[in-house]
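Kindly produce the complete structure, drawing on both the sequences and the hints.
Residue 1389 is where the sequence shown starts when you use our numbering, and the numbers rise one by one after that.
These aren't lab readings, by the way, just hints derived from the structure by calculation.
Just so it is clear, CB atoms sit at the ideal spot from N, CA and C, and this is done for glycine as well.
Please note that a few of the clues may not be correct.
[Said to hold, decoys possible] Computed spacing ranges between beta-carbons, pair by pair: (1) S1530 with R1667: 22 to 30 Å; (2) I1730 with Q1678: 21 to 29 Å; (3) P1679 with Q1593: 22 to 30 Å; (4) D1668 with Q1621: 16 to 24 Å; (5) L1664 with D1589: 35 to 43 Å; (6) L1477 with R1729: 49 to 57 Å.
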Amino acid sequence: MPDSMLLSPVSVRMVERLSNGRITRIQADPPIFGEESVLPLQDVHMFHATGKLSEVREVLRRIISAQIPLDEVEMIISDAEYAIAISTLCDSMNLPCSFSEGLSLETSRMGRAALSLLNWLESGYHVRSLMSMLQQQQLTFSDREQEISNTDCIRTLEKSGIGWGKERYIKLLEPNRVVPEEYSDETRDGRERTEVQQRDDKIKQHLMNIIKELFPAESAMSSPAGIWGWLVQVLERYGVCGMEEDAIVLQEMKGIFKELQECPVPETMSLEQILLYTRDMLKNIRVGVQPFPKPGSLYISSLANGGISGRKYIFLLGMDEHSWSGSIRQNPMLLDEECRRIGSGLQTAAERQRDRRASGMCGSASWVATSPSVSRLMIWRTERRQVRPFSFCRYSEECPGSRVRIMRCFSEA
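This is the structure:
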């Protein structure tokens, strides 16, 4: 049993009795701020920033200004939102980076198309949603043989006045329904008018053929597997696969579809539940997962799997009280007042929270102390509204003999 295991004195005595005195205690690391700490506290720096985006921007600025090689830096993030901010800023600065847990589905075009298709279905097939997918190049209805582009399809849908509803698509996209506004009564004569009308009729007929394939069948609306299969079919036929991540998302969706076909489905499952279930499965798909550091690029990991890359410079981002521990809650079976009446051997909620926070700080820094390759640790905290001392900093100031160098950096959001 680890010596630093968070157990109350009563729990420790209970474990000793259950093991009949055969417990092997693993010696814990010394306190992170103690005199015997093996953590190189002289190389630990702490910073403040006002906002996640400004926090990431300041970290990248310091890396560039210090001319630190990218493949010697690891960023450990406490929140998935930091991954989006890092990816956006690194793309704008042409800095390569890899993510141990990947990025969310929204970062790929194919993933955004899948979510937009669900929104289009949920909105009653509103034409604005379909036009938005075409404008953002999430779907493409272009046909090179007929010389029809996405712009032609968007223009025809915009002038159709469809609104929403499956029946209105078929009714309002019939030939001679959409009349170009740029042609007045004076120009509608002879050959020119005939060519324009023929062009419009060809675009409308092209859209009619696509729309009939785009609507899901009635049988597909009764189960998550049916909706998922419809998404795979539409994305495979009309999705834009411009990057490797898009192909990975589509392949992952095909694999999930095979698994869903073998799952039992409740008979009374509403469309709202199906869409909620499908959207939740989509958000669990990750793209660009790099479990191992990539040479020549920044490495971004999480609190759960960070600190094992062996890189010299480590940045901890978003280290506020919400990252170290959760909210304080009493045990509903044994309230704090009852614990105090029974005896001092039982921990209250506040004491458990204090020990959990201290254990979290020691655990996140233990790999820094045991890794000889780490030469500098920089800890960041995001301030949302007002700048106030970080709990980590207060703890170090209360401990005599602390050797932590506290540096504050206030950046504008």
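Inset, instruction - Could you tell me which of the numbered hints above are not met by this structure, giving the numbers in increasing order? - result: Violated hints (numbers, rising): 2, 3; every other hint is consistent with the structure.
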